[in-house]
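> Each chain is listed here by its residues.
Number of protein chains: 2
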Amino acid sequence: MRYELYYQPSIQGRGEFVRLPLEDSGADYVDVARDPKFGRPGIMKFLENPSLEYPPFAPPFLKAGKLLISQTANILQFLAPRLGLVPKSEARRLWAHQLQLTVADWLYETGQTHHPIANLLYYEEQAAEAKKRAAHFTATRIPKFLGYFERILKLNPKGDDFILGKKVCYVDFSLFQMIEGLRYAFPRTMAKLEPESPRLITVHDRIMARPRIAAYLSSPRRLPFNQQGIFRHYPELEEE
Amino acid sequence: MRYELYYQPSIQGRGEFVRLPLEDSGADYVDVARDPKFGRPGIMKFLENPSLEYPPFAPPFLKAGKLLISQTANILQFLAPRLGLVPKSEARRLWAHQLQLTVADWLYETGQTHHPIANLLYYEEQAAEAKKRAAHFTATRIPKFLGYFERILKLNPKGDDFILGKKVCYVDFSLFQMIEGLRYAFPRTMAKLEPESPRLITVHDRIMARPRIAAYLSSPRRLPFNQQGIFRHYPELEEE
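Protein chains in written order, with our numbering: chain S, 41 to 280; chain B, 41 to 280.
Possibly wrong hints are sitting among the right ones.
Since copy identity is lost for identical chains, a pair holds within one copy or between any two.
Claimed, not checked - 25 Å max Cα-Cα, derived SDA-like pairs, lysine to any residue:
id, residue 1, residue 2
1, Lys184, Glu88
2, Lys103, Asp71
3, Lys207, Glu93
4, Lys103, Asn196
5, Lys172, Val70
6, Lys103, His155
7, Lys207, Leu107
Just so you know, the hints here were simulated from the structure itself, not pulled from any lab data.
This one's a predicted model, so the numbers in the text were calculated from it and none came from an experiment.
Based on the provided sequences and hints, a complete structural model is requested.
Following this line, the structure appears as structure tokens:
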């Protein structure tokens with residue numbers, strides 16, 4: 041099965057949460073908008089095709105044979121059993137998906153820090169409101185989410201190597217990406233808070249050291265963070 | 041199976057998206073925080089129990105036998121096959137879940153209109169920012185979401201009676217609730233926009249007329265909308 045991932049070509053964004061497990065599994069996939077054989081028109085062709093039975097609301101979406109799947113957490117829920125990244129039992133899968141949806145909430149709130157009024161406006165048009173929102177996000181929300189996932193790791197009856205059971209699961213890659221992104225966006229905040237979540241940081245490091253992930257991160261396939269993505273670094277949005 | 045729903049006792053909120061399909065199916069469930077035999081401490085007991093293996097991040101959560109499930113879309117995905125509210129095929133279930141997650145995004149954005157800076161602050165402390173955010177939400181986001189779901193109904197190869205196939209599915213109840221809530225919160229906006237989404241409004245009406253839903257809506261179990269919920273009516277947040 042060759043998977044086709046459709047996402048914006050210039051940012052990590054939500055697409056990165058799909059790329060990471062695909063890369064770790066050595067899956068056969070094409071990042072359509074970044075492949076010269078496909079290119080950006082491929083995404084537009086999909087979204088504007090009037091005969092499409094299951095049109096996505098927004099990228100990312102994944103084509104897997106005849107299936108077209110959108111919403112990041114939904115894509116991951118579909119891929120995980122096929123990539124060996126989630127246990128078989130229904131209870132475990134529900135639990136993994138709950139954790140992934142909580143990551144999605146965290147990610148959404150992260151993006152709101154630089155766009156608290158409207159995504160259609162430039163940051164500069166909402167910088168004053170962004171400063172207020174980011175102050176609350178760094179003071180109360182980052183600690184709350186970090187603390188929650190740290191607690192989950194501590195509670196894992198199979199040890200704290202990974203978020204669920206004793207093997208890596210798709211949620212671990214998303215947690216890695218959240219830590220990476222928040223370090224880029226809010227470095228002072230993360231430097232202060234990370235010591236309180238040692239298990240979570242160890243999971244981050246464990247994911248980063250996996251051979252295929254390490255190879256991916258040092259390859260041109262890994263886009264750098266930038267000021268167009270969900271994680272953005274505006275120094276004025278952090279406390280001194 | 042007797043389901044136990046854990047949610048705040050005084051608002052419809054996210055809990056309502058779970059209550060509606062339970063009510064329509066005539067399922068055996070108890071709304072724990074509103075049941076005098078359980079009461080609010082039941083929720084706190086769960087969230088603070090240090091030995092809980094799968095602690096939710098936030099309500100709502102559902103207890104189903106030994107399973108404890110949180111995140112609204114995840115609860116619905118679990119319940120739907122048991123209540124006969126989703127087709128069997130994987131393709132259809134992925135599609136239904138994608139739609140539900142898009143409703144979740146829409147609902148999240150709705151709540152942000154009155155809390156664009158921080159959920160921990162009062163509305164009055166962020167009323168100026170709320171006015172800006174709500175202006176964009178009513179002008180661009182409500183039309184975008186209404187237009188998307190109207191298009192999905194139009195594309196449904198089995199007709200536009202329901203969002204998926206020819207039978208009711210759990211997403212239809214969520215769409216009903218979005219229309220109900222947005223009418224309460226932004227009546228002028230909805231009065232203006234609804235004529236452009238006739239299929240969606242017809243689905244809303246069809247859901248409202250279902251005997252068990254009609255009975256539920258006129259019962260004391262249905263809480264009224266109020267100014268503590270996700271859907272709030274602040275007249276100053278709409279254009280004249």
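> Of the numbered hints stated earlier in the document, which are not met by this structure?
The structure conflicts with hints 5, 6, although it agrees with all the remaining ones.
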